[in-house]
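With the hints as a guide, bring both chains together as one complex.
As they're listed, the protein sequences go chains V and G.
Per the numbering used here, residue 49 is the first one in the first sequence, and the count goes up by one each step.
Per the numbering used here, residue -1 is the first one in the second sequence, and the count goes up by one each step.
These are computed hints drawn from the structure, not numbers from a lab.
A hint or two may mislead.
What the hints assert, rightly or not - Anything over 12 Å on all C-beta distances counts as not near chain G; from chain V, calculated:
1. K145
2. V207
3. L304
4. R317
Claimed, not checked - What the simulated footprint calls covered on chain V by chain G, stretch by stretch (three residues with Cβ under 8 Å from a Cβ of chain G suffice, anywhere in the stretch; the number is not a length):
5. 72 to 85
6. 94 to 108
7. 218 to 224
8. 277 to 284
Stated by the list, open to error - Keeping only pairs whose Cα atoms sit at most 16 Å apart, straight-line, the calculated EDC-like set for lysine to aspartate or glutamate is:
9. G:K110 - G:E190
10. G:K176 - G:E4
11. G:K178 - G:E4
12. V:K220 - V:D238
13. G:K176 - G:E10
14. V:K145 - G:D141
15. V:K145 - G:D188
16. V:K145 - G:D189
17. G:K110 - G:D189
Don't be surprised by glycine CBs; every beta carbon is placed ideally from N, CA and C.
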Amino acid sequence: MLALDLAVNGLITGVFYALMAIGLSLIFGILRVVNFAHGEFYMIGSYAYTLVCVALGVNPWLALPVALVAGGALGWATERTLMRPLYAGYSSWGNLKDEYAIIVTFGLSLLLINLVDKVIGPYPMRGPGLVASPRMALGPFMMSGQRLIAAAVGLAVIVAVFVLIRYSFWGKQIQAVAQNRLGASLAGIDTAKVSALVFAAAGALAALAGGLLAPLINASPDVGVFTAIKSYVVVVLGGMGSIAGALVAALMLGVLESFAAVYISYDYRDTFGLVILVLVLLFRPHGLFGQRGREV
Amino acid sequence: MIDNSETRANREFAVSLGLLALVALAPLVVANEYWLGVLVVCMYFALQAAGWNLLAGYTGQMSLAPAAFAMIGAYGTGLMAYRYEQPFWVGIPVGILAAALLGWGLGRAALKLSGPYLGLTTLSFAEIARLIIGNSYDVTRGDLGLSVPGIFDARLAYYYLFLAVLVVVQVGIFLTLKSKVGLFLQAIRDDEIAAASRGVPVVRWKVAAFVASSAICGLAGTLYAHFAQLISPELGLIMQTGFVISMTVIGGMGTLVGPILGAFLVYLGSEAVRDFGGWHLIVFALLVIVVARFFRDGLWGLVRLAWTRRRLPPAAAQPAVGTR
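One chain only, chain G, in its complex shape (with noise of 0.2 Å):
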C-alpha cells in the first residue's frame, strides 16, 4: 500500500468530508434549537482548531494565540457594526483583514523564535490584545462586551454558514497541501534548517502560514460575532487557546481529520455530560495529556492503527502512530 503525504491526505480529506456530510444530515434528526446552537459553536472551534493545525500541524510553529485572533476577529467586525454602522458584509472582511495584517506583523516579527521561545511571544501576545481591547472602555466597551447585529433570524441560516465556511476552508487546506507549498509547510516543521538548504523559502511560506492561520481564526470569530450577537474580551482568554489546542490534540494533530473530528467530539462530549456536575472539563483536560503521552496522531491516529492492523497481517503491520 503506498503511503505518503499525498495518498494520506487524500484519505483524511475523504474522511473528514464524510464528517461534514455527516454534520450536514444532522438537522433532519436535531430539531432542537438549543443543539442546532451547540453545533453551531463546535464548528467555530473546529474552524479555529483547523486554522490552529494548518500553523502548528502542519508548519510546526506552535502559535499560542489562536484563539486571540478570533477576539480580534470578532472586535473587527463588531466595531464596525457597532461604530460604524456598517452591515456584515463590511464588517467580516474588515475582522478578517485585521486578523490577517496582526498574523503577518506576528509571523514576520518571530521568523527566527522557534519552540518554547514562540510559544510564549505568541502568548504574550494573546494576552497584550486581550488587554488591550479589554482596557479600552471608550472604543470596545472594554470587559462590557459589545452587541453585533446578527445576520439571520433562523438558526439553521447559521448553521449551514457556518457548515459552508468550513467545508471552504478545509477544501482550501486540503489544496494547500496537495500542492507543493503543502510539502514546503511540512518540509519547515520536520526540520527547517534542511528544508532551506534545498531551496524552500523557508520565511516566505511560515509567514504565509501565520497569515493563513490567524485569518481562519479571524474568519471564525467574524461569523461567531454574528451569530452569539454579543462578544466579549473573554473570547481571547487562554483558556479558550486551550479548548482549540486540546480539541486539535484529541483528535490528531497534523492530520486533515484531527481538528473537525476532536471539536466535535469534544464539544459535543462535554456538552451530554455537563449534567453530571461539571467533571467534563476533567475529562477532557485528562484526554488531552493521555493522547498527546501515548497517542500523538490522536484519536484520528488510532482509528488508522485498527484499519491497517485489519488491512494487513499481523507481521507485516506497521506501527502507524507516531510514523508520518
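Pulled out of the complex, with its shape left as it was, chain V reads as follows (with noise of 0.2 Å):
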C-alpha cells in the first residue's frame, strides 16, 4: 500500500516538474540554450498568484491566469531583451554563444532573486488554496485537496500544449525552427517571433506551475533555485529538445524521488536527481530516449 501511494506521489511531483522541464525543452529546441533563471520564472508565478491573491482579494482561480500572464510576459521580454543576439548576429561574442547565454541567463536569476527579495521582502509568504477541503480522498488515498487540484490543472495544461504543438498553426512553426531555424526562415516563417512565442510559452508554463505550488511551498526569493535544477534534471533525462521525453521523464523523476527518499535516504533526496543528471551527461548524453528525442 505505502508502494502505491509513494507511487502516486511521485507521479504528482512529477507532473509540476514536467511544466517546468517541458518550457526548458522547447527554448533548448529552438536555441540550443539552457535557460539558467527558469527557477524565477517559478518563483514569479508564485509570487503573482499569491500577491494577487492576499492583497486584491481576487478569487484562486482567476489568480492563475494572473502568474500565466505574468510568466509569460517576462519569458517574452527575455527573449526580446536578451536571448536575440544568439541568432541575429549583433552580439559581439561570436561563436561563444553558450558562454554567452550562460552568463546573462545566470546574472538574470541573480537579479530576479534579489528584486523580489529587495522588493517584496525575503519572508515566505502563504497563498490560499484553490479547493477549501485540505485533504481529498482519491480512491484508497488520502492527499491534499491542493496538490490534487494542482496536478488535474497541470496534467490539463500540459495535454493542451502538445495538442497545440502537434497540430496548431503557432505548434507547427515551433516544431518548424526546431528542426532548421535557416530551412524555416526560408519558408517564410519569422523565426524570431516564434523564439519569441516559445520563451513566452515557457515563462508561462513555469509561473504555473509556481502559482499552482505557492500554497504548499509559500513563496520566497530563492524557491525555484531547487525547482529548476530539478527540471534540469528532467531535460537531460528525456533528452534535451524534446517535449515529450520531457514528460516521461519528470514523471519518472518524480516517482524515483518518491521511492528513494522512503526507501535509501531522507537526507540524500535532492542528490539523487543530481547523480542521475551527471550519469545521464557522462555516458548517454542524448538522454534516455535516443535519437528521437532530437524531434521537439
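So this is what it looks like as C-alpha cells:
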C-alpha cells in the first residue's frame, strides 16, 4: 500500500516537474541554450498568484491566469532583450554563444532573486488554496486537496500544450524552427517571433507551476533555485529538446525521488536526481530516449 | 601597434600588478579592522575569479563550480584541523590536493561535454558536493559549520598572506599564458577541433586547466577557512559561484586584469552602498547582464577601447571591444 501511495505522490510531483521541463526543453529546441533563470520564472509565478490573492483579494482561480500572464510577459521580455543576439548576429561573442547564454541567464536569475528579495521581502508568503477541503480521497488514498487539484490543472495544461504544438499553426512553426532555423526562415516563418513565442510559453508554464504550488511551498525569493535544478535533471534525462521525453522523464524522476526518499535516504533525497543527471550526461548525452529526443 | 596575444598579456599583467601594488599600499590609508577584512574577502573572491577565468575565460570551459571547489578546499583544511588536529601547513596542502583531485575527476569525466551540457554537469557536481557536506553530520557537522583555528592574530598578517598568494597565482597564470600552453588553451577555447587538428594535445590541457583552476579555487577556500575561522556548506552555494562569475564578467572575462579589477570593484562597491538599503546586489546583477550584453570584454575592455581611441586618429581606431 505504501508503495502505491508513493507512486501516486511521485507522479503528482512529476506533473509539476514536467510543467517546468517542457518549457526548458522547448527553449533548448529552438535556441540550443539552457535557461538558467527558469527557476525564477517559477518564483515570479508563485508570487504573482500569492500577491494577487492576498493583496487584491481575487479568487484563486482568477489568480492563476494572472501568474500565467506574468510569467509569459517575463519570458517574452527576456527573449527580446537578452536572447535575440544569439541568432540575430549582433552579439560580440562570436562563436561563444553558449558562454553568453549561460552568463546572461545566470545574471538574470541573480537579478530577479535579489529584486524580489528587496521589493517584496525575504519572508515566505503563503497563498490561499484552490480548494477549501484540505484532504481529499483519491480512491483509497488520502492526499492534500490542493496537490490533487493543482496536478489535475497541470496535467490539463500539459495535454493542451502537446495538442497545440502538434496540430496548431504556431505549433508547427515551432517544430519547424526547432528542426532547422534557416530552413524555416526560408519557408517564410518569422523565426524571431517564434523564438519570442516559445520563451513566453516557457515562462508562462513555469509561472503556472509556481502559481499552482504557491499554497504548498510558500513563495520566497529563492524558491525556484532547487525546482530549476530538478527540471535540468528532467530535460537531460529526457533528451534535451524533446518535450515528450521531458514529460516521461519528469514523471519518472518524481516517482524515483519519492521512493528513494523513503527506501534509501531522506537526507540525501535531493542528490539522487543530480547523480542521475551527471551519469546520463556522461554515458548517454542524448538522454534516455535516444535520437528520437532530437525532435520537438 | 603590434597587438597579439603576447603583447596583450604583457600589458594586462603590468596593469594587474599595478592594481595589486595599490592593494599592498592600502593598509597605509585603511587602518580600520573592518575594512581590512572587507579587502581580504575581496582577495578571496579575486583568487576564485582568477581560477575560474583561467578555465572559462582562457580555455572556454564554462564551469559553474568555482565556489564548490573553494568549499572543498575549506573543508579539506577544516577537517584536518578539527578531526585530526593537524596544523595549517598540513591542512592547506590537503585542501588544495582534495580540490585538485576532484577537479581532475570532473575534468576527465566532462571531457566530451561542452556548452550547456558542461554547465549542467558542473552545476550538479557543485550541488552534490554541497549536499554531501551539508548532510554528513557525523563527519562535517553539516549545516552547523566547522570552526577552524586561525593562523595569525593580526588581521594585517592575513591581508599580506592573501596578497602574496594572489600575486603568486597571478604570476603563475601570466607565465602559463606566455608559454605555448597559453596558446594551447586559447586555441581550445576558440575552436577545439581545429586545435586538435593542428596537434594541440586537447585532452591533456583541458584536464590540466580544470585541475589548475580547481586547485586555485581550493587554495582560496583553505586560506579563507583559516581567516574566517568558521566555515559552512554555504561557501559552495550557487549564489557564491554567481558572484565569482559576475566579478569576472564585469571586470573583463578572458583578460588578466578582469578578475582582480572585477573582484575589488564589485565587492568594495557593494560594501560601500550596503547602507543604502540592500540595493547593491540588484545593481550588481544588472551590471552583469548589461556588461555581458553590450561590453563583452568588461570594464577592462572599455579602458582599452578608450586608450586605443586616444592613441590613434579616429579613422584608424579599431573597435577593441569584441575583437580578440
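Exercise. So which hints don't hold here, by number, going up?
Worked result: Violated hints: 1, 4, 6, 7, 14; rest satisfied.
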